[in-house]
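There are 2 protein chains.
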Amino acid sequence: MAINRIIYVRKTDGREERFEARKVFRTCLRAGAKKEEAKKIVSEVIRRIYDGIPTREILKMVLKKLEGISPSIANIYNLKEAMISLGPSGFVFEEFMTQLLLDYDFKTKHHIFISGHCVKHEIDIIADERSGKKRVFMIECKYHNISGIYCGIKEALYTWARFEDCQNFFDAAWLITNTKFSEEVIRYAQCKNMRLLGWRHGEEACLENLIEEQKFYPITILRNLDESTRDKLFEKNIILCKDLIKYDFYSLSRLCGIKKDKAENLIKQANDILI
Amino acid sequence: MAINRIIYVRKTDGREERFEARKVFRTCLRAGAKKEEAKKIVSEVIRRIYDGIPTREILKMVLKKLEGISPSIANIYNLKEAMISLGPSGFVFEEFMTQLLLDYDFKTKHHIFISGHCVKHEIDIIADERSGKKRVFMIECKYHNISGIYCGIKEALYTWARFEDCQNFFDAAWLITNTKFSEEVIRYAQCKNMRLLGWRHGEEACLENLIEEQKFYPITILRNLDESTRDKLFEKNIILCKDLIKYDFYSLSRLCGIKKDKAENLIKQANDILI
Chain A
29 MAINRIIYVR KTDGREERFE ARKVFRTCLR AGAKKEEAKK IVSEVIRRIY DGIPTREILK
89 MVLKKLEGIS PSIANIYNLK EAMISLGPSG FVFEEFMTQL LLDYDFKTKH HIFISGHCVK
149 HEIDIIADER SGKKRVFMIE CKYHNISGIY CGIKEALYTW ARFEDCQNFF DAAWLITNTK
209 FSEEVIRYAQ CKNMRLLGWR HGEEACLENL IEEQKFYPIT ILRNLDESTR DKLFEKNIIL
269 CKDLIKYDFY SLSRLCGIKK DKAENLIKQA NDILI
Chain B
29 MAINRIIYVR KTDGREERFE ARKVFRTCLR AGAKKEEAKK IVSEVIRRIY DGIPTREILK
89 MVLKKLEGIS PSIANIYNLK EAMISLGPSG FVFEEFMTQL LLDYDFKTKH HIFISGHCVK
149 HEIDIIADER SGKKRVFMIE CKYHNISGIY CGIKEALYTW ARFEDCQNFF DAAWLITNTK
209 FSEEVIRYAQ CKNMRLLGWR HGEEACLENL IEEQKFYPIT ILRNLDESTR DKLFEKNIIL
269 CKDLIKYDFY SLSRLCGIKK DKAENLIKQA NDILI
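So the sequences go chain by chain: A and B.
One point on numbering: in this note's numbering, the residue at position 237 of the first sequence is 265, and numbering is uninterrupted.
One point on numbering: in this note's numbering, the residue at position 220 of the second sequence is 248, and numbering is uninterrupted.
Derived from the structure by calculation, the hints contain no laboratory data.
There's no promise every hint is true.
[Claimed, not checked] In silico DSSO-like pairs for lysine-lysine, Cα to Cα no more than 27 Å straight-line:
#1 A:K108 with A:K92
#2 B:K182 with A:K148
#3 A:K182 with B:K208
#4 B:K137 with A:K39
#5 A:K182 with B:K137
#6 B:K39 with A:K148
#7 B:K108 with B:K264
#8 A:K260 with A:K62
#9 A:K182 with B:K148
#10 B:K208 with A:K148
#11 B:K208 with B:K270
#12 A:K108 with A:K162
#13 B:K51 with B:K62
#14 A:K270 with A:K290
#15 A:K208 with B:K148
#16 A:K208 with B:K182
[Claimed, not checked] According to the in silico footprint, chain A covers these stretches of chain B (three or more CB under 8 Å from chain A):
#17 187-197
#18 208-217
#19 245-251
C-beta: ideal position from N, C-alpha, C; glycine also.
All chains, full assembly: derive it from the sequences and hints.
As structure tokens, this is what we get:
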């Protein structure tokens, strides 16, 4: 698995960074591949990469290899992309987060108007802790439909100012994104005691861990799910693989107006992931 | 000038509003047309409008009529569009505002980094009042390159939070835009003692009045100024008509690499406006 030369990979936002084999290795393990399988994939990647290779191309390579082992492993590896494909608007991401928090023992409401001290605010999610400190959080969701975009300082600043204007209603502010936070945001949030939840942020409570723990996979994790089918499923409030497997292929096909073999294939894929 | 039927016009953002003849009338006067000329133009517009007409089409009609009276009047009428055409990025708008405030007896600096209590901030403009209360303002500039977009509550909120984090350095926050503010922003700013400057906002200190008072017209007010020439002039820091008339056509042509007859025409137009 050793690599003797330094290779730079190009990220989605155009920046370059040093290729790290252990990143690919770890992500294969996360997706459920065995150690030996992960090692093999990394060797294959090392053999084929070149300076300036887009990270997206590496992702493709890995996915193809994982698919050969198990289609459901490839799906889970694809979680990051799946969280980007909830779009185009942020609505489904908010719905997704509302349900995920409910699973983590919060009482949640979303799209609530609150009259602050100066103006009225539309709050994305209000989450009440049912146990412990029983705090009430004002949650701002920031969804990006392109990967490689960081949730930046302006989002953190306006979340704070909104919280400050609604202080009578909430104990703390919480900013949630489907991508990463900039370092500035992390510093600002620590300084203001603001909670953050995002991709690869924090040790335990990063978004991907919460999702994996509860097998809270969005349907966009299913390979070959085309946009039109995705939108039909979202329209019927089928956002999660968990939602999908409640149906048999016949009723799913009728409910969403999709072909029976497509419905059957989706349900099968979802079942494989949730095992 | 009377209109017997109610006509709805379609604004750039898609919303409809009732056509008001006096708006056209007033704007013609602002541009320097005589009362009789303005009345004639309004009658012509009333004769030709129809339900659902885009406001842009009315603007075109009026401009054509004003041009017949005097090309420089038409240019001034076009100020709103000119402020939209400073783009594509907000950089020129910030430079423009820095210079305008200097003309209004502020000492100005721009793009300054300030270490706030929590994080470092890049401040668009810092403006020191030279007389009166001698306050120091932290200014956030919000530039839109499409008309009909309001400066919204998120901008006001993050401006406030930034100010709050830098309170040791400034006496007040100030939000400036080249378009209009939403009603929410106006309420929030009043509540927070935040200063606003934008299009048609406030009675005396709205952006168009400040510009007209000092004849602080951007070169984008010149009709038929193509994008490529605009960018060449901006590159040489020629942002205002005032800057342009400092040159003779020969040196302007050489400095910016534009044709002599084009340079001559631009200088002539700028002179006409500044008379």
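Verification of the hints:
no. : hint               : in the structure
1   : A:K108 with A:K92  : 16 Å, holds
2   : B:K182 with A:K148 : 12 Å, holds
3   : A:K182 with B:K208 : 20 Å, holds
4   : B:K137 with A:K39  : 35 Å, violated
5   : A:K182 with B:K137 : 21 Å, holds
6   : B:K39 with A:K148  : 26 Å, holds
7   : B:K108 with B:K264 : 23 Å, holds
8   : A:K260 with A:K62  : 36 Å, violated
9   : A:K182 with B:K148 : 12 Å, holds
10  : B:K208 with A:K148 : 19 Å, holds
11  : B:K208 with B:K270 : 26 Å, holds
12  : A:K108 with A:K162 : 31 Å, violated
13  : B:K51 with B:K62   : 15 Å, holds
14  : A:K270 with A:K290 : 17 Å, holds
15  : A:K208 with B:K148 : 19 Å, holds
16  : A:K208 with B:K182 : 20 Å, holds
17  : 187-197            : holds (count 5)
18  : 208-217            : holds (count 3)
19  : 245-251            : violated (count 0)
Hints 4, 8, 12 and 19 from the list above are not met by this structure, while the remaining hints are.
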